[in-house]
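Below, each chain spelled out in residue letters.
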Amino acid sequence: AQKVTQAQTEISVVEKEDVTLDCVYETRDTTYYLFWYKQPPSGELVFLIRRNSFDEQNEISGRYSWNFQKSTSSFNFTITASQVVDSAVYFCALTQRSNDYKLSFGAGTTVTVRA
Amino acid sequence: GAVVSQHPSRVICKSGTSVKIECRSLDFQATTMFWYRQFPKQSLMLMATSNEGSKATYEQGVEKDKFLINHASLTLSTLTVTSAHPEDSSFYICSARDLSQSKAGAFNSYNEQFFGPGTRLTVL
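Protein chains in written order, with the numbering used here: chain A, 1 to 115; chain B, 1001 to 1124.
Among the hints, erroneous ones may be present.
Pairs of lysine to any residue residues, derived as SDA-like cross-links and limited to a Cα-Cα distance of at most 20 Å, are as follows [what the hints assert, rightly or not]:
#	chain 1	residue 1	chain 2	residue 2
1	A	Lys-102	B	Thr-1122
2	B	Lys-1020	B	Arg-1010
3	B	Lys-1041	A	Glu-44
4	A	Lys-102	B	Lys-1014
5	B	Lys-1020	B	Ser-1089
6	A	Lys-38	B	Glu-1112
7	B	Lys-1014	B	Phe-1091
8	A	Lys-3	A	Gly-43
9	A	Lys-102	B	Glu-1112
Some chain B residues judged to face chain A by a derived CB distance under 10 Å, without partners named [what the hints assert, rightly or not]:
#	residue
10	Pro-1008
11	Arg-1097
12	Pro-1117
13	Thr-1122
14	Leu-1124
Everything labelled a hint here was simulated from the structure, so no lab data went into it. Glycine is no exception: its CB is placed at the ideal position from the N, C-alpha and C atoms.
Based on the provided sequences and hints, a complete structural model is requested.
Put into structure tokens, the structure is as follows:
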């Protein structure tokens, strides 16, 4: 079975503050892939990152960074110096071979950045 | 590359009517397409998986007679909501992936799911 937990339902910050979104996952597979997606008010899902289970290197892309820790089954996402355009729902997702690589999404975290 | 379109983007219908939603892969061949449903302030829930030329596989709790899925070509899958009722109002999202060149058991770019922009259905 696979499961993704995003415990934070909503986060509200003031512009330029940093915000970290938590993602904890469960899987029995040794090979799996983790994703983060952004869903702005328009509804269209925007792919942010994919990470496989064998690559625990942290990644930075502009103001976005990701911290993958297999020891705690977590794949957290940080937005540095948040901007109003970052306001959206963010989903963490997991896929694995034993489930034919179907995506399981977390409940999502709504981020509101106030000017 | 890897663009997926959905049509219509928004539809309003009367209770009891049927609505068809199209999902197209524009620049690749989609051997597999997925249909998701998302209620307001909730996550995406997988409804069914459709493979080109075969019957769709529905997730537990999804009525196959209610949500008819057809994947007749490598670039088009359709979802028909039959006899729609207000509780079917939701945001429907499709995704597509191309497995035709993937290695068995491996995850590569051909296993990636590419999402459509979604269709907002409102049943009055």
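Just to be careful, I want the Cα atoms of Lys-38/A and Glu-1112/B compared with a cutoff of 20 Å; is the pair within it?
Measuring from Cα to Cα gives roughly 16 Å; hence the hint holds.
Restraint check, 10 Å cut-off on beta carbons, for Thr-1122/B near chain A
violated, 13 Å
Between Lys-102/A and Lys-1014/B, does the CA-CA distance stay at or below 20 Å?
At roughly 33 Å apart (the allowed maximum being 20 Å), Lys-1014/B and Lys-102/A break the hint.
Check the hint pairing Lys-1014/B with Phe-1091/B against an upper bound of 20 Å on the C-alpha distance.
holds, 17 Å
Would the pair Lys-102/A and Glu-1112/B pass a check requiring their Cα atoms to be no farther apart than 20 Å?
Holds, because 10 Å separates the two Cα atoms, which is no more than 20 Å.
Per-residue hint verdict: Leu-1124/B, partner chain A, C-beta under 10 Å:
Hint on Leu-1124/B: violated, closest Cβ of chain A at ~20 Å, above 10 Å.
Please verify whether Lys-1020/B and Arg-1010/B have alpha carbons no more than 20 Å apart.
Measuring from Cα to Cα gives roughly 11 Å; hence the hint holds.
Take the C-alpha atoms of Lys-1020/B and Ser-1089/B, compute the straight-line distance between them, and say whether it is at most 20 Å.
holds, 13 Å
Would the pair Lys-102/A and Thr-1122/B pass a check requiring their Cα atoms to be no farther apart than 20 Å?
violated, 27 Å
Can Arg-1097/B be said to touch chain A, with a Cβ gap under 10 Å?
Check passed: Cβ of Arg-1097/B comes within 8 Å of chain A, closer than 10 Å.
Take the C-alpha atoms of Lys-3/A and Gly-43/A, compute the straight-line distance between them, and say whether it is at most 20 Å.
Measuring from Cα to Cα gives roughly 23 Å; hence the hint is violated.
So, Pro-1008/B near chain A? Judge it on the closest CB pair being under 10 Å.
Violated: closest Cβ of chain A sits about 13 Å from Pro-1008/B, beyond 10 Å.
When each numbered hint is compared with the structure, violations occur for hints 1, 4, 8, 10, 13, 14.
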